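The residues making up each chain are set out below.
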Amino acid sequence: MKVVSTDVAVIGGGAAGCYAALELQRRGVASVIVCKGLVGKSGASLFAGNLVLSGRALGNTEDHARNTAEFLIKYHNQFLIDQQWARRCGQWLENVYYPELEQAGLYLRRDDDGNVVTSPGKIRSVAANVQGNSGVPFMDLRRKQVIRAGIPRLEETAVTALLRKRDGSVGGVFGLNTITGEYVVVLARAVILATGYSDRMHKRSTGTREMSGDGIAMAWRLGATMVNLEMQWWHTNDIADPPSWQRMQVYPNPMLGSEKSARMVNSLGEEFFNQQQDDPLAYGPYTVQLKALAKQVHAGKARYDGGYFAGFDHCDAQEVDAYTTYGKSYRQLGLRFPQDLVETAVTAHYRQGGIDVDTHTMRSSVPGLYVAGGLGGHSNGLIGLATFDGRVVADGVTADLPQLTPCDLPEQQVDTERRRIEALRVARPDGVSPVKVKETIRATMWDKAGVEKDAASLRAALGDIADIRLDLLPRMSVSRTAPSANYEWLDAIDVVNMLDTCELIVQSSLERQESRGPFMRRDFPRQDNERWLVASVMKRTENGFRFEHRPYDLSIFKPDFTTKDNLEVAW
Amino acid sequence: MTNVDVDARRLGQDERHDTLAARNTRLAIGEMLAVRVRRFDAEAGGAALQDFQVPYRKWMRVLDALNWIAENAATDLAYRWFCGSKMCGTCAVRMNGREVLACWEAVEPSMTIEPLRNLPVIRDLLVDRSPFDRKLAELEPWLERPTPYPGFPEPLSHKDIKNASKALDCIACLACYSACPVIGLGNLTDFAGPAPLVQLGQTALDPRNDAAKVARSLERTGIFNCVSCYKCEEVCPASIPIVTRVIEPLKAKAASLRPATATHSRALRAIVAARGRVDPGALVLRVQGLRALVNLPRVLRLFMRGKIDPIKTFLKRKTPAAGAAERLLGRGDSP
Numbered sequence: 000m001k002v003v004s005t006d007v008a009v010i011g012g013g014a015a016g017c018y019a020a021l022e023l024q025r026r027g028v029a030s031v032i033v034c035k036g037l038v039g040k041s042g043a044s045l046f047a048g049n050l051v052l053s054g055r056a057l058g059n060t061e062d063h064a065r066n067t068a069e070f071l072i073k074y075h076n077q078f079l080i081d082q083q084w085a086r087r088c089g090q091w092l093e094n095v096y097y098p099e100l101e102q103a104g105l106y107l108r109r110d111d112d113g114n115v116v117t118s119p120g121k122i123r124s125v126a127a128n129v130q131g132n133s134g135v136p137f138m139d140l141r142r143k144q145v146i147r148a149g150i151p152r153l154e155e156t157a158v159t160a161l162l163r164k165r166d167g168s169v170g171g172v173f174g175l176n177t178i179t180g181e182y183v184v185v186l187a188r189a190v191i192l193a194t195g196y197s198d199r200m201h202k203r204s205t206g207t208r209e210m211s212g213d214g215i216a217m218a219w220r221l222g223a224t225m226v227n228l229e230m231q232w233w234h235t236n237d238i239a240d241p242p243s244w245q246r247m248q249v250y251p252n253p254m255l256g257s258e259k260s261a262r263m264v265n266s267l268g269e270e271f272f273n274q275q276q277d278d279p280l281a282y283g284p285y286t287v288q289l290k291a292l293a294k295q296v297h298a299g300k301a302r303y304d305g306g307y308f309a310g311f312d313h314c315d316a317q318e319v320d321a322y323t324t325y326g327k328s329y330r331q332l333g334l335r336f337p338q339d340l341v342e343t344a345v346t347a348h349y350r351q352g353g354i355d356v357d358t359h360t361m362r363s364s365v366p367g368l369y370v371a372g373g374l375g376g377h378s379n380g381l382i383g384l385a386t387f388d389g390r391v392v393a394d395g396v397t398a399d400l401p402q403l404t405p406c407d408l409p410e411q412q413v414d415t416e417r418r419r420i421e422a423l424r425v426a427r428p429d430g431v432s433p434v435k436v437k438e439t440i441r442a443t444m445w446d447k448a449g450v451e452k453d454a455a456s457l458r459a460a461l462g463d464i465a466d467i468r469l470d471l472l473p474r475m476s477v478s479r480t481a482p483s484a485n486y487e488w489l490d491a492i493d494v495v496n497m498l499d500t501c502e503l504i505v506q507s508s509l510e511r512q513e514s515r516g517p518f519m520r521r522d523f524p525r526q527d528n529e530r531w532l533v534a535s536v537m538k539r540t541e542n543g544f545r546f547e548h549r550p551y552d553l554s555i556f557k558p559d560f561t562t563k564d565n566l567e568v569a570w
Numbered sequence: 000m001t002n003v004d005v006d007a008r009r010l011g012q013d014e015r016h017d018t019l020a021a022r023n024t025r026l027a028i029g030e031m032l033a034v035r036v037r038r039f040d041a042e043a044g045g046a047a048l049q050d051f052q053v054p055y056r057k058w059m060r061v062l063d064a065l066n067w068i069a070e071n072a073a074t075d076l077a078y079r080w081f082c083g084s085k086m087c088g089t090c091a092v093r094m095n096g097r098e099v100l101a102c103w104e105a106v107e108p109s110m111t112i113e114p115l116r117n118l119p120v121i122r123d124l125l126v127d128r129s130p131f132d133r134k135l136a137e138l139e140p141w142l143e144r145p146t147p148y149p150g151f152p153e154p155l156s157h158k159d160i161k162n163a164s165k166a167l168d169c170i171a172c173l174a175c176y177s178a179c180p181v182i183g184l185g186n187l188t189d190f191a192g193p194a195p196l197v198q199l200g201q202t203a204l205d206p207r208n209d210a211a212k213v214a215r216s217l218e219r220t221g222i223f224n225c226v227s228c229y230k231c232e233e234v235c236p237a238s239i240p241i242v243t244r245v246i247e248p249l250k251a252k253a254a255s256l257r258p259a260t261a262t263h264s265r266a267l268r269a270i271v272a273a274r275g276r277v278d279p280g281a282l283v284l285r286v287q288g289l290r291a292l293v294n295l296p297r298v299l300r301l302f303m304r305g306k307i308d309p310i311k312t313f314l315k316r317k318t319p320a321a322g323a324a325e326r327l328l329g330r331g332d333s334p
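Those sequence lines, one after another, are chains A and B.
Just so you know, the first sequence maps onto residues 0 to 570 in numbering that gives the first Met the number 0.
Just so you know, the second sequence maps onto residues 0 to 334 in numbering that gives the first Met the number 0.
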C-alpha cells in the first residue's frame, strides 16, 4: 500500500479539480490530484462544446449580459440556484476567467482579420479553436498547467472511500490504482471532491466510462447532505446508433459565424424544433428541446430512444464546417453532409443537484469535506462555472487551513475498506458479471426513472434496486482474480456506488411533487412555484433520511406565474 | 497511357474517405463479425490470439465490438476508453494492422485487434502511456510570453496561428506514435515522435511563444530524424496534416533557431540547390567533414556499393537542373 501525505487531496481531474489544485498552489498550499481516469482526458469537462461569454466581455452589451444571467437562472437551473452566487460567478468569468485562460495560451478562435469569432444572437459564445471540441484544448491546457506546476497526479486511481481523522472530520481518501492493483491512501488536512455531475447511470448516458456516482455515494456514506438530486438534465439530440456514440451530440446551440443552428424533425419529417426560430433566448436549448420532444412522443411521432432526426440540411456545408466539428460525425457514418439527417435519441446528461454546499467556501455539511464543480448542488456546471468553483474552494480551504489538522493513518478504517474492496474481487461458480449488473441498473433507471416518471414507476425502481442489492450484489463475480488492470473488479466497485447514488436520486424524485424543466412527473405535470420553488434538501438521519425544503433567494429574477403546465413553460 | 495526377500525401486519406459509405453499409444487422483479439496477460502466460463472433449492430464501431465482447464473451478483456466520442483519445488500437481510434472507426467483417505498438503492453489492449507522457513533459509544451500579456482579447489572427490550430485538434490518442517507423527503431535515434511533436507544435507554432523557449524545446526533439513517410498523417483520426502542417514547420523553425540541429537537411538542400541533384558523396563530406576519414571503412563500403561516386562529386558539379533547383530553393542553406 502506498501512503501519500499532502495538504489537500483533490479528487477529480476535470475543470474544477485541476483549477482548485492550481489555485491552491498559487496560495502556497500543496495538493495531490487523484483521478479515476486521466487528468484532463476523462470526465465531463472534455465535452465543453464552446464557452459562453459573460457580462460585458468581448463587446457584450448590457442586454447580452442580462440575457446570459437570465439564461443561466431560468433555462439552466429553473430558478433552483443561488442567484448571488451566479452574480459573483458572472463577474469572475468576465474579469478573470477569459483573460487568465488566454494568458495561459488558450486559443479563442479568431478570423483571418484577428476578430474573435462569436455566435450571434441574444447570448454569445466563443470557441477554443473549434466549436464542438472546445473542451479538448481547454482540458489539455489544464493538464499541462498541472504538469508544469509539478502538482502530483495519481491517475487511473479510483477513490473508494473517504477517511476520517480522530475528530471525525474528513482528512484523506482510500483508493485503488486500477492499473497496478496497488492500494493508495492519501492523507491530508482537507479533501476536495470534484468528481463531476454526469454519471453513466442510465442506459443512455453522456458520462464517461468511469463515472459511476462515486462522489455522491462516498459523501453520503459519511453523512453529507444532498440537494435536488432529482434535477436531471437530458441531451435530446444525441446520435441513436451506434451505442458507443450515445453522447455524440448534434449540438443545438447557436453556431459560431452563422445565423442558423441544428433542426429536429419527427418520424413523419415534420420539423418540431429549431432554436433560432422557436426560442432565441434558449442559448443551450436542452430543456426546450426536451419538452418539444415530449409533445412529439405523446403524439406518437417520436420515441425517447429514437424515431426522430436532427441535422443541418437547411445550412451550407461550408457555413457549418467553418468553425465547428459538427459535420465530422455525419461523414464518418457515410452520410451526406449536410443533406442527410441522423436519427437521434435522448441521453441522460448532467445533474443540476448534488452535494449541498456553502457557496462562499464550498464546504459540505461534513467538516473537512469540500466540493467543487458539477458535483455540488448549487448549480449545474458549465465549464466556466465549474472552474469558478475551483477558485472559490481554493479560497475556502486556504482560509480554513489553520484550523485543519493533518491526518494520521486511520488503520482501522483502511483495513475495513480494504476488506470491503477485496470481497468484490472473488470468482464464484454461479456468479454474475459486474458489467451485467451495471447494465441492469442502467435499464431500471432508464425505464422507471427516465425522462417521464411517476410515483408508481419510481417505487418500482426502488424495488428493482432492492432486488439487485439482495439478489445480484452477493453473486457478483470476476473471472480473473489478479488485482492488476482488472476492470471487472472496478466495475464491481462501481456497482455499489451506482446503487447507492441511484437510490438517492429515485428517493429525491419521489419527493419533488411537481414537474420542473427537465424533471417530468406524469402524476404532477404542473410546475408549482408556490410549493416547490425550493431546494429539496436530503439529510441523512440515524435510521435513513429526511427531506427539508429551503427557499431560494429570488432577488434578480423570479418566475411570473404560480403554477402552470410544465410543458407550456418555455424553460 | 496518360499519367494521372496523384497527390501522394493524400493517398491513405482518400482511400479511407472514398470508402466511408461502404464501410458503414456493407454489413447487415445481426450478421456475425469474426473478431480476433490479441490478448496478453503476463501473469497468465503471455500473449495469445482469441476469436470471437460478434453480431453487427447499426453503424457499429470497433469500440462497440470490444464492449460486446467484454459484456458477453470475455468479461476480463482489458482495454481503455472513456468518452466514446473522439475526444479523450484513449481507445486507439490496431485493427487489421492499421492504427484506428476504436470509437471512431467502423468495424470490418473480419478484423484482428491488437494493442498499439511502440508502447509497453500492460494487459490485452491496454498500453502504458507513460513513455509518451515523459517525452512530452521533457519538451515543456507550454507558452512562455516574451512580453507581458496585453489583456483580453489580445491581438492575434487565425492566419498567424493556422498551423498551431491544426495541432490543437490533437487528442493525444498515440495512433501516430504507434505507426511511426522511426519510433519503431527504439533508442537508435533521439526522435521524440509525431504525437509529442504535434503536442509541442500547439505552442511552438504559436506566434505568442518566446523564440528562445521554442528553440530550447526543439533541441530536445531529435526532429530531423523524421523521414517524412507520412504514416502518422495516414492514421490520424483527427485528420491533422502532421507532416505538412506541424513537423515541416517545426523543422523550419529548428533550422533557423538552432542551425546546428539541422546540419544534414541544410547540407542536402544546399547540394540540391547548387547541383540540381542529390550527390551522396558531397552529402557525406558536408555532414561528416573530417570525420569521414575516421569512418573510412564505411566510406569505402559506400563506394564499393556505388552509393557514392567521387568522380561525379568532384568533377561533374552541376546538372542541367541546377538552374531550376537554385530558383526553387535559393542559395541559402536553410531547409
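In short, the hints are calculated from the structure, not lab data.
All figures in this text were calculated on a predicted structure; none of them were measured in a lab.
A virtual CB, placed ideally from N, CA and C, is assigned to each residue, including glycine.
You may find that some hints are simply not true.
Covered stretches of chain B, going by a simulated chain A footprint (3 or more residues, C-beta under 8 Å) [to be verified]: (1) 74 to 84; (2) 141 to 152; (3) 156 to 167; (4) 262 to 276.
* Would you say the stretch 156 to 167 of chain B counts as covered by chain A, given the rule of at least 3 residues with C-beta under 8 Å? -> holds (count 7)
* Stated coverage of the stretch 74 to 84 of chain B by chain A [criterion: 3+ residues, CB within 8 Å] -> holds (count 9)
* Asked: Residue count check for the stretch 141 to 152 of chain B against chain A: does it reach three with CB-CB under 8 Å?
  -> holds (count 7)
* Residue count check for the stretch 262 to 276 of chain B against chain A: does it reach three with CB-CB under 8 Å? -> violated (count 0)
Consistency note: the structure conflicts with earlier hint 4 alone.
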